[in-house]
Amino acid sequence: MTVSALRVVVEADGGARGNPGPAGYGAVVRDANSSEVLAERAEALGIATNNVAEYSGLLAGLRAAADLGASEVEVRMDSKLVVEQMSGRWQIKNPGLRPLAAQAATLMRRFDLVTYVWVPRERNKHADALANRAMDEAAGLASGARGGVRRRERRSPPPVASGPWPASSGPSRARAGCPGPPASAASRGRPGSRRRPPPPACCSCATARPRSPRSAATRGVGTSRFPTPGWRRRGLPPRG
1 MTVSALRVVV EADGGARGNP GPAGYGAVVR DANSSEVLAE RAEALGIATN
51 NVAEYSGLLA GLRAAADLGA SEVEVRMDSK LVVEQMSGRW QIKNPGLRPL
101 AAQAATLMRR FDLVTYVWVP RERNKHADAL ANRAMDEAAG LASGARGGVR
151 RRERRSPPPV ASGPWPASSG PSRARAGCPG PPASAASRGR PGSRRRPPPP
201 ACCSCATARP RSPRSAATRG VGTSRFPTPG WRRRGLPPRG
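The sequence shown runs 1 to 240 under full-length UniProt numbering.
One or more of the hints may lead you astray.
Straight-line C-alpha distance at most 20 Å; calculated DMTMM-like pairs for lysine to aspartate or glutamate [claimed, not checked]:
#1 Lys125 x Asp136
#2 Lys125 x Glu74
#3 Lys125 x Glu43
#4 Lys125 x Glu40
Between beta-carbon pairs, the in silico distance windows are [said to hold, decoys possible]:
#5 Glu36 x Gly96: 31 to 37 Å
#6 Asn33 x Gly96: 36 to 42 Å
#7 Ala5 x Gly88: 20 to 26 Å
#8 Leu141 x Asn33: 36 to 42 Å
#9 Val119 x Ser71: 19 to 25 Å
Keep in mind the hints are simulated off the structure, nothing from the lab.
Cβ atoms here follow ideal geometry from the backbone N, Cα and C, with glycine treated the same way.
Taking the hints into account, I'd like the entire structure generated from these sequences.
Pasting the structure below:
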């Protein structure tokens with residue numbers, strides 16, 4: 001009993017969102033007689049060019065056909081470049097594609113016959129859908145990688161603490177940001193009052209020593225720190 005040779009059709013496609021960009025490929029292996037789908041392959045490639053993705057789809061389809069034990073393969077692709085180069089009619093000028101073409105040529109030795117046929121994209125929808133799904137996955141991985149990089153944020157200096165009281169109008173050695181002593185109920189709204197409440201326990205206000213009314217009144221340029229005697233204010237001669 002003779003076993004008939006398995007003839008298959010490999011439909012392959014690849015692409016990138018940008019050139020280069022997030023890339024992926026898809027490949028379908030069908031029975032040449034019944035068009036039954038025997039195998040599917042799809043994979044995200046990361047960042048690559050369109051032509052690299054096309055060649056990667058071809059390699060995946062040829063490997064799947066070899067795993068099925070096919071003897072004759074008809075490759076159908078919508079990439080004119082790959083079809084013409086693998087058919088030997090176009091030279092491979094891009095050095096990045098030569099290793100991929102060499103791998104495809106090695107895989108071709110596992111079959112009795114391999115032919116290449118160009119088809120329009122409308123007749124390669126299954127492989128095209130697999131390739132687009134792989135490109136979506138590659139785009140998602142690339143987007144996640146970019147989102148993982150966190151930018152260092154500038155931190156603003158902490159705000160200066162402020163109290164609930166108004167700033168003191170009298171002299172004080174407290175640092176900037178200190179609320180100062182609160183106004184007492186007796187002296188609030190009464191100008192000239194020198195009654196001072198105890199300072200709050202913050203910064204140096206708690207240790208600042210209030211000046212006496214006499215020294216505060218007589219401070220200034222050209223004035224004495226001591227009050228003028230009464231006899232001099234009245235114009236009387238000094239007591240002998």
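For this session: Check each numbered hint from earlier against the structure, then list the numbers of those it violates in ascending order.
Result: none
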